[in-house]
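A.B. asks: Full structure from sequences and hints, please.
For my numbering, add 330 to where a residue sits in the sequence shown, where the first one is 1.
There's no promise every hint is true.
Said to hold, decoys possible - Listed below are the simulated BS3-like cross-link pairs for lysine-lysine, each with C-alpha atoms no more than 25 Å apart in a straight line:
| no. | residue 1 | residue 2 |
| --- | --- | --- |
| 1 | LYS429 | LYS481 |
| 2 | LYS334 | LYS437 |
| 3 | LYS434 | LYS406 |
| 4 | LYS406 | LYS418 |
As the list claims (entries may be wrong) - Taking CB as the label site, the calculated pair distances span:
| no. | residue 1 | residue 2 | range |
| --- | --- | --- | --- |
| 5 | LEU506 | ILE630 | 35 to 43 Å |
| 6 | TYR473 | GLU363 | 38 to 46 Å |
| 7 | ARG426 | LYS388 | 19 to 27 Å |
| 8 | THR517 | LYS388 | 20 to 28 Å |
Hints in this document: simulated from the structure, not taken from any laboratory.
Heads up, the beta-carbon is just placed ideally off N, CA and C, and yes, glycines get one too.
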Amino acid sequence: VIDKEIVHASMPRKVEKAKIALVNTAIEVEKTEFDAEIKIDRPDQLQAFLDEEERMLKKMVDRIVGTGANVLICQKGIDDVAQHYLAKAGIMAVRRAKKSTLEKMAKATGASVATSLDELDASSLGSAGIVEEVKIGDDKLVYVRECKDPKAVSIVIRGGTEHVVDEADRALHDALCVVRNVVEDGTYVAGGGSTEAEIAEKLEAYANKVKGREQLAIEAFAEALRIVPKTLAENGGHDPIDIIADLNKEHSKTTGLWHGVDVMKGKTSDMMKEGVIEPSRVKSQAIRSAAEAAQMILRIDDVIAAKATAPPPAPPGGGGMGGMGGMGGMPGMM
Numbered sequence: 331v332i333d334k335e336i337v338h339a340s341m342p343r344k345v346e347k348a349k350i351a352l353v354n355t356a357i358e359v360e361k362t363e364f365d366a367e368i369k370i371d372r373p374d375q376l377q378a379f380l381d382e383e384e385r386m387l388k389k390m391v392d393r394i395v396g397t398g399a400n401v402l403i404c405q406k407g408i409d410d411v412a413q414h415y416l417a418k419a420g421i422m423a424v425r426r427a428k429k430s431t432l433e434k435m436a437k438a439t440g441a442s443v444a445t446s447l448d449e450l451d452a453s454s455l456g457s458a459g460i461v462e463e464v465k466i467g468d469d470k471l472v473y474v475r476e477c478k479d480p481k482a483v484s485i486v487i488r489g490g491t492e493h494v495v496d497e498a499d500r501a502l503h504d505a506l507c508v509v510r511n512v513v514e515d516g517t518y519v520a521g522g523g524s525t526e527a528e529i530a531e532k533l534e535a536y537a538n539k540v541k542g543r544e545q546l547a548i549e550a551f552a553e554a555l556r557i558v559p560k561t562l563a564e565n566g567g568h569d570p571i572d573i574i575a576d577l578n579k580e581h582s583k584t585t586g587l588w589h590g591v592d593v594m595k596g597k598t599s600d601m602m603k604e605g606v607i608e609p610s611r612v613k614s615q616a617i618r619s620a621a622e623a624a625q626m627i628l629r630i631d632d633v634i635a636a637k638a639t640a641p642p643p644a645p646p647g648g649g650g651m652g653g654m655g656g657m658g659g660m661p662g663m664m
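C.D. replies: Right under this line is the structure:
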């Protein structure tokens, strides 16, 4: 999806079997880097300059047309005269597209981004089934559809309010990150606190083989892990004591590896069979971060208490209004 609209009213709004050219150079007459003055004696000389400018722009357009492209995505500007010739040739054009948009278009369509028109040829074009302009609300977008084996896609999020859109954006981003982690690592574990309960069970068994204070530390770590299924049970409106007791019973068996808190049923279930899974990277990172935070707190050997700030001084003459002085005797009424 390109967040731009087609530059010329006469250009086609929909192109099928699109051949897409991506360029990051302007389709304009290049201006000189120095100031110059040209003396014109006759009107035909001015017309000659205009004709030459038009000829140069037409040559640029002919270069694009010669590649067989019928869609042009340009990172920079497109001159009005060039727009006219592009429309006349039946080419859909978009100007001032972002650099990131061109890069994604290259991944989606298989095109190569040309830094100059001299580099543009038929081999650098990308392809798509349909390229069309679509109006969504008050905005116009260009959709590129039916790409063969696209390496980049777009997701359009719509909502009644900005808050709804932001919330959907965050939720979708989290979901995509989860999928990315699973694809990159290739491993996942069951959710519902089953992993924490299993680790806690193994740690308690290991603690019985350890002597000294280390045993207490291992048991405390195991107990801390059980906070996860306990919190899940509480948030689901269930009795955490009964849930944890059932969870410990299941994980003491060899068949209870993936048993976790099923908040919908209010009991423990095999989370792997229920389809409640999460990436192993997320789980290991959460445990690692919690351990690092605990170590950081334990390394604190002193605390500096901040002194209470004194109230601001009262303004001069403050302290409230003084008592009114006694009034003299009132004269007798006649």
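A.B. asks: Each of the hints needs a verdict: does it hold here or not?
C.D. replies: Quick rundown of the hints versus the structure:
Using a Cα cut-off of 25 Å, the hinted pair LYS429 and LYS481 holds, with the two alpha carbons roughly 17 Å apart. This hinted pair checks out: LYS334 and LYS437 have alpha carbons roughly 19 Å apart, not beyond 25 Å. This hinted pair checks out: LYS434 and LYS406 have alpha carbons roughly 16 Å apart, not beyond 25 Å. Using a Cα cut-off of 25 Å, the hinted pair LYS406 and LYS418 holds, with the two alpha carbons roughly 21 Å apart.
Taken as a hint, the range 35 to 43 Å holds for the pair LEU506 and ILE630, whose Cβ atoms sit roughly 38 Å apart. Between TYR473 and GLU363, the C-beta spacing of about 39 Å keeps the proposed range 38 to 46 Å intact. A hinted range of 19 to 27 Å holds for the C-beta pair ARG426 and LYS388, which are about 22 Å apart. Taking 20 to 28 Å as the suggested C-beta distance range, the pair THR517 and LYS388 does not conform, at roughly 59 Å.
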